[in-house]
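Taken in sequence, the protein lines are chains L and G. In this text, residue positions in the first sequence follow UniProt numbering: the first is 1, and each later residue adds one. In this text, residue positions in the second sequence follow UniProt numbering: the first is 1, and each later residue adds one.
Rather than coming from a laboratory, the hints here were simulated on the basis of the structure. Incorrect hints may have been included.
Label pairs and their in silico Cβ distance ranges [what the hints assert, rightly or not]:
#, chain 1, residue 1, chain 2, residue 2, range
1, L, Ala-355, G, Glu-127, 44 to 54 Å
2, G, Pro-76, L, Leu-205, 43 to 53 Å
3, L, Val-77, G, Pro-58, 20 to 30 Å
4, G, Lys-137, L, Lys-84, 51 to 61 Å
5, L, Leu-260, G, Pro-76, 25 to 35 Å
In silico lysine to aspartate or glutamate, EDC-like type, Cα no more than 20 Å apart, as pairs [as the list claims (entries may be wrong)]:
#, chain 1, residue 1, chain 2, residue 2
6, G, Lys-228, G, Glu-22
7, G, Lys-231, G, Glu-21
8, L, Lys-255, G, Glu-189
9, L, Lys-255, G, Glu-55
10, G, Lys-119, G, Glu-55
11, G, Lys-111, L, Glu-246
12, L, Lys-261, G, Asp-144
13, G, Lys-145, G, Asp-169
14, G, Lys-111, L, Glu-78
Since we're looking at a predicted model, the values are computed, not measured. Virtual Cβ for every residue (Gly too), placed ideally from N, Cα, C.
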Amino acid sequence: MTLTKSATAAPLTNSLTAGKLPRRTSLVVLLSSWLVTGAFFFVLMLSGATEGFNGVATLFFGTIVYCVAIYLLSYFVEGVRKAKDRLVTALVTVAFVVALLPLFSLVITTLVNGLPAFLTPSFFTQSQRNVVGEGGGALHAVIGTLMITGIATLISVPIGLLSAIYLTEYGRGRLARAITFFVDVMTGIPSIVAGLFAFALFSLLFNDPGIRFGFGGAVALTVLMIPVVVRSSEEMLKLVPNELREAAYALGVPKWLTILKVVLPTSLAGIVTGIMISISRVIGETAPLLIISGFTASMNYDLFNERMMTLPVFVYTQYANQGADTQAYLDRAWAGALTLILIVMLLNLGARIIARIFSPKLGR
Amino acid sequence: MSKRIEVNDLNVYYSKFLAVEEVSLVIEPRTVTALIGPSGCGKSTFLRTLNRMHEVIPGAYVTGDVLIDGNNLYGPGVDPVLVRRQVGMVFQRPNPFPTMSIGDNVLAGVKLNNRRMAKADADDLIEKSLQGANLWKEVKDRLDKPGSSLSGGQQQRLCIARAIAVQPDVILMDEPCSALDPISTLAIEDLIEEMKSDYTIVIVTHNMQQASRVSDRTGFFNIAGTGKPGKLIEYDDTTTIFSNPSIQATEDYVSGRFG
Numbered sequence: 001m002t003l004t005k006s007a008t009a010a011p012l013t014n015s016l017t018a019g020k021l022p023r024r025t026s027l028v029v030l031l032s033s034w035l036v037t038g039a040f041f042f043v044l045m046l047s048g049a050t051e052g053f054n055g056v057a058t059l060f061f062g063t064i065v066y067c068v069a070i071y072l073l074s075y076f077v078e079g080v081r082k083a084k085d086r087l088v089t090a091l092v093t094v095a096f097v098v099a100l101l102p103l104f105s106l107v108i109t110t111l112v113n114g115l116p117a118f119l120t121p122s123f124f125t126q127s128q129r130n131v132v133g134e135g136g137g138a139l140h141a142v143i144g145t146l147m148i149t150g151i152a153t154l155i156s157v158p159i160g161l162l163s164a165i166y167l168t169e170y171g172r173g174r175l176a177r178a179i180t181f182f183v184d185v186m187t188g189i190p191s192i193v194a195g196l197f198a199f200a201l202f203s204l205l206f207n208d209p210g211i212r213f214g215f216g217g218a219v220a221l222t223v224l225m226i227p228v229v230v231r232s233s234e235e236m237l238k239l240v241p242n243e244l245r246e247a248a249y250a251l252g253v254p255k256w257l258t259i260l261k262v263v264l265p266t267s268l269a270g271i272v273t274g275i276m277i278s279i280s281r282v283i284g285e286t287a288p289l290l291i292i293s294g295f296t297a298s299m300n301y302d303l304f305n306e307r308m309m310t311l312p313v314f315v316y317t318q319y320a321n322q323g324a325d326t327q328a329y330l331d332r333a334w335a336g337a338l339t340l341i342l343i344v345m346l347l348n349l350g351a352r353i354i355a356r357i358f359s360p361k362l363g364r
Numbered sequence: 001m002s003k004r005i006e007v008n009d010l011n012v013y014y015s016k017f018l019a020v021e022e023v024s025l026v027i028e029p030r031t032v033t034a035l036i037g038p039s040g041c042g043k044s045t046f047l048r049t050l051n052r053m054h055e056v057i058p059g060a061y062v063t064g065d066v067l068i069d070g071n072n073l074y075g076p077g078v079d080p081v082l083v084r085r086q087v088g089m090v091f092q093r094p095n096p097f098p099t100m101s102i103g104d105n106v107l108a109g110v111k112l113n114n115r116r117m118a119k120a121d122a123d124d125l126i127e128k129s130l131q132g133a134n135l136w137k138e139v140k141d142r143l144d145k146p147g148s149s150l151s152g153g154q155q156q157r158l159c160i161a162r163a164i165a166v167q168p169d170v171i172l173m174d175e176p177c178s179a180l181d182p183i184s185t186l187a188i189e190d191l192i193e194e195m196k197s198d199y200t201i202v203i204v205t206h207n208m209q210q211a212s213r214v215s216d217r218t219g220f221f222n223i224a225g226t227g228k229p230g231k232l233i234e235y236d237d238t239t240t241i242f243s244n245p246s247i248q249a250t251e252d253y254v255s256g257r258f259g
């Protein structure tokens, strides 16, 4: 009662209110911008200036019109601060969509082109031996990729992780600075150089100028992988609070056990993620494997003997040496690319699960 | 179980910087000693020299002697790891290990050292330590939950339980209550009072009421100015320091007239 009375008695406006656009304004403005530019290009099409309706231009110019319109509208209704906020929101969203477009395009193109050959039963049960034209499969390439990348991971994870532990826990002064510097330099090595290094190393060691074998490919990938593992693990180890190390020291725990049982478990989730990123970085390498592992149409389970096929090289050879039935080769190339993407995706999913299991628990 | 600490002419350095100068004092067993003084005067630095945690910081070293029951901590061939098993420490911010459950946190000193322990013994040790830290009733039904699920005060008591689980002779506390609310602070002060019968306790605190409540002896540290080394100005019974200090600076500080 008293409330209504005072409200009627003093019809003061709340000095804290400001103009506000209705809730769905942005959506309505966006759709109408597209409608307006769409109408414009529709007219252009009718007048014969363009062949057919230009949908991409409609979306592009429609979005620009939206940015301008929402800014002006908001400026006159809500004031300059809100207007800027809405403009930047629009720009950031556009940037996000633009960043995602190539990814979507890539995945969809690979799916569309790769699925036909991917779904043929022979793709994962046969090699390309004695196949001309249709049929055959990429089993030899899948096996080769898994083996070579697996060995590369087995070599580079211990070396990389131990270097990272040295750099964060023990390294001081010149040696540590030199290691950090050369790791940074190694990150920038072109992959072909890694391949040439492995090739030169093994052809000199075995005195064989035409040497090709799977393990050499693994060594080339190791050169590319170690710096990524070192950098990512180092960053993760640095994130472990010093308080935890001191807490362990204060309990009379020696340094090496502190690192093994406190520092590593605490940062394990991040380290696993970093390792997975480094695997994704090298699993798609073509050039070094082309040089040192070569290519073949046959199965080869022996890392130390004979050429070994890998998925990226498989994609390359199918595309580069198209036989009489061109389409069959192209289909297999796309299917190989699709397989590679799926392997990386599965590895990332696995890493997520591992990270989820091992990450520090915060639940109540 | 508790031991006597004797410090002779201790100088503490960070690289070339002399942080604490010429400290000599004697801490009797089964007492609580409080170290008070303004920020940056070297109380925590001095405390950390008592279990060789100081040298964890690169470039840090000390000169002088710290004797625990006559054994020099800084004598040749002394293993800092063995020192730290006898002199436990509780830090300013509660720092339970995030990857471990509450029970494992208590057992951390055992487990991290790769020592095997029968399940029954482990359970006994968990219960005894948590009861010693006045936390048992609150957590006994959720020992397998992560340590970070506790409140700040409970986490700090968990850290104390973790420290006493390795059965040290001396417990150092570096501002253990500064991140806690008054009720948790009271719980920890009561705990210090109880633990006094078993351990030698040295506590650094900014809270002078706390020093006067819990401690038997009090040391007052001060610095002449920035960049100068910290010094132990006065060390005496707590009642004397707070009621009738012999040095003017101490009286100014404890009566709040400082600076």
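**Message:** Between the alpha carbons of Lys-261/L and Asp-144/G, is the straight-line distance 20 Å or under?
**Reply:** Given pair Lys-261/L, Asp-144/G holds - Cα atoms ~18 Å apart, limit 20 Å.
**Prompt:** Between Lys-119/G and Glu-55/G, is the straight-line Cα distance small enough, at 20 Å or below?
**Reply:** It is violated: about 36 Å lies between the C-alpha atoms, which goes past 20 Å.
**Request:** Check the following: the C-beta atoms of Lys-137/G and Lys-84/L are separated by a distance inside 51 to 61 Å.
**Result:** This hint holds: roughly 56 Å between Cβ atoms.
**Item:** Assessment of proposed distance window 25 to 35 Å (beta carbons of Leu-260/L, Pro-76/G)
**Value:** Holds, at about 28 Å.
**Asked** Does the Cβ distance between Val-77/L and Pro-58/G fall inside 20 to 30 Å?
**Response** Given range 20 to 30 Å: violated, Cβ gap about 59 Å.
**Request:** Compare the distance between the alpha carbons of Lys-111/G and Glu-78/L with 20 Å, and conclude whether the hinted pair is satisfied.
**Result:** At roughly 62 Å apart (the allowed maximum being 20 Å), Glu-78/L and Lys-111/G break the hint.
**Request:** Sort out whether Glu-189/G lies within 20 Å of Lys-255/L, counting only the CA atoms.
**Result:** violated, 32 Å
**Asked** Taken at face value, is the distance from the CA of Glu-22/G to the CA of Lys-228/G at most 20 Å?
**Response** Distance ~13 Å between Lys-228/G and Glu-22/G Cα, so the pair holds.
**Asked** Given the proposed pairing of Lys-231/G with Glu-21/G, does the C-alpha separation stay at or below 20 Å?
**Response** This hinted pair holds, its Cα atoms lying about 5 Å apart.
**Request:** Could you grab the alpha-carbon distance between Lys-255/L and Glu-55/G and see if it respects the 20 Å cut-off?
**Result:** With Cα atoms ~13 Å apart, Lys-255/L and Glu-55/G stay inside 20 Å; holds.
**Item:** Ala-355/L paired with Glu-127/G, Cβ distance criterion 44 to 54 Å
**Value:** Violated, at about 34 Å.
**Prompt:** Is the hinted pair Lys-111/G and Glu-246/L satisfied, with a Cα-Cα distance of at most 20 Å?
**Reply:** holds, 16 Å
In summary, the numbered hints that this structure violates are 1, 3, 8, 10, 13, 14.
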